[in-house]
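Colleague: Could you put together the complete structure from these sequences and hints?
Protein chains in written order, with the numbering used here: chain A, 19 to 518; chain B, 14 to 142.
Check before you lean on any hint, since a few could be wrong.
Here chain B is said to cover these stretches of chain A; the calculated rule only asks that three of the stretch's residues, wherever they fall, bring their Cβ under 8 angstroms from a Cβ of chain B [said to hold, decoys possible]:
| # | segment |
| --- | --- |
| 1 | 161-169 |
| 2 | 175-183 |
| 3 | 431-445 |
To give an idea of the chain A side of the interface with chain B (calculated C-beta under 8 angstroms), a few residues [stated by the list, open to error]:
| # | residue |
| --- | --- |
| 4 | Thr200 |
| 5 | Phe240 |
| 6 | Ile243 |
FYI, nobody ran anything at the bench for these hints, they're computed from the structure. In this text, a Cβ means the ideal position worked out from N, Cα and C, and glycines have one as well.
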Amino acid sequence: MTNWLHHIPILIVAVPLISAPICVLFTFGANRKAAWLWTLLVSWFAFLCSIYLLNYVLENGQISYHLGSWKPPLGIEYRIDVINAFVLLLVSGISAIAVPFGRLVVDREIEPDRQILFYTTYLLCLTGLLGVTITGDAFNIFVFLEISSLSSYVLIAMGVRSDRRALTAAYNYLILGTIGATFFVIGLGFLYMVTGTLNIMDLSDRVTHLADNKAVHAGYAFIIIGLALKMALFPMHVWLPNSYTYAPSLISIFLAATATKVSIYVLLRFLFTVFGVSFDFIPLTLIFIFLPLAIIAIFFGSIGAIFQTNIKRLFAYSSVAQIGYIAIGIALSNTIGLTAAILHIFNHALIKGALFMAAGCLVYRVGKLTTDSIRGLGKEMPWTFSALVLAGLSLIGIPTTVGFISKWYLILGIMENGWWPLIPLIVMGSLLAVVYMWKIIEAAYFFQAPQDRVPVKEVPLELLIPLWILIGCNFYFGIQADITIGISNEAATSLLDHSP
Amino acid sequence: MLAAILDHYNYWLIIFLMMIGLYIVVSRGNLIKKIVGLNIFQTSVFLLYITIGKVNYGTAPILTGQPETFSNPLPHVLILTAIVVGIATTALGLALVVRIRESYGTIEDEEIAVSEQFQAESEVNQISS
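Modeller: Listed below in structure tokens is the structure:
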């Protein structure tokens, strides 16, 4: 038994990967429900594995798993410490809650004969995201990043049944995503050129002695730009709003909550583990590039969200703003700031997951989702809209919600660095969030429904239960914040400690 | 100076290709041409990896018993993976272009933007009327 548990680091990636081609086999029986059930089981398996891994890492310290027993740095190593165990838990947890929600919305939004292939691609996307997070090999990160990106282009394009703009959204994402990934590989090429290694721990040891090397500097620049594109930091966010808007509901939930977060994790890994803060360029990049861009992102995203009439698009713009908060946390580069960034990676996933899930419920009943089409629906769909309001409060950052916890830590981190002028900006960002959430609440509760509209029923329980579980998490981790703060703090400390 | 440039002619070629590729992606409005540019861009990276694997007077790393200098085979293996990724990206991109052509009737960036603008405006009018 213990022998089997020893292999969990590889199983959490291999099982979703192998189950994807198995899922295709369901086409022979044209059994859509079985394909869904299969995806559900795999997601839950990954979720259980990640809980085990996080527990193990918290108790016993980091795990180093050698693929095929080849010792690193020659062999590929899966290295799990607190931060990537936490991100693994996030990715698989969101998947475990989104897939149960997905069956009805996928039935509604995807052509019946494509649903099995849809679930197959979804499993590949899950594999890619988990793989990026768990691996300790830099080139492996690129390969898994491309697995997840390629499958997410396909998944976004599958929204074409409801709106043809899903195709152009997917195409633009493909072009920009590939440029981002290629920049990342160019950077790795430069690092490999001077160090001759791809193992992250080994890279970090060798790069320390090469802090003045020009090739390392070039590699650093390419890697950071590539990852910033993948994480949709302003002004490299242009692929994001359309992709999240026109993707099928299940994909909007899953990608909004996880895809950019995983890229942020890789960015943290490279900034702090590989290069380390002692690398001269990092404080410069963080203060003169990341911080201004993050502040612009908050305002651009929030103000952009205020002018949207499409609700999914509004949430997508709000995501651009929230990435800005995380980037500020990274730019602070002190323990509290990084804790806030890691906390917000997790908390924002809970918030956006819940918001996009509520949007999915609305799409299920209303179809086209604009601030006009939801007029007066607050009374007709009380459970969906109360969930939407609660998630909105969490986004704004009302005490007892997760949004408050991460913003509180962000402000503490700012005070530690003494960057006082940032605090009013953060508060203003939250006020802008009040404005755009209010647009939805106003439409739903205070406007009269058009006379000629057929009455709309509340969505079935199968959709409400996952939605309310996420809302519950938003409040549970807002009140019992010790758990997430403890983990994030430990992750932040280990990131900063490693830097020599 | 000139000798330094000529000595590293392979890198200059790669940078040249890289910039051509990226420029095509950014400047062309035709969706197929963008993918061609993306391909050139990716290929330049493949060449970058291959060229750093070469060792002067090195041969293929096959053990023959004689003392020989070997080229580093690892970049080739890495690039084999990257080529597969590149092919998948190209195939998917072209498939998307086919679908875009079917639903928009064009593969020119600007015409698609006009068509999408028109669609967005008609949606707004539909709701307000």
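Colleague: Confirm or reject each hint.
Modeller: Hint check results:
With a cut-off of 8 angstroms between beta carbons, the segment 161-169 of chain A has 3 residues touching chain B; three or more are needed, and the interface restraint holds. Residues of the segment 175-183 of chain A lying with their CB closer than 8 angstroms to a CB of chain B number 4, which satisfies the three-residue condition for coverage. With 0 residues carrying a beta carbon less than 8 angstroms from a beta carbon of chain B, the segment 431-445 of chain A misses the three-residue requirement, and the given coverage is violated. Taking 8 angstroms as the C-beta cut-off, the interface hint given for Thr200(A) holds, the closest approach to chain B being about 6 angstroms.
The beta carbon of Phe240(A) is not positioned within 8 angstroms of any beta carbon in chain B (closest approach about 10 angstroms), and the interface hint is therefore violated. Hint status for Ile243(A): violated, given a least beta-carbon distance of 12 angstroms to chain B, over 8 angstroms.
Consistency with the previously given hints fails for numbers 3, 5, 6, ordered from lowest to highest.
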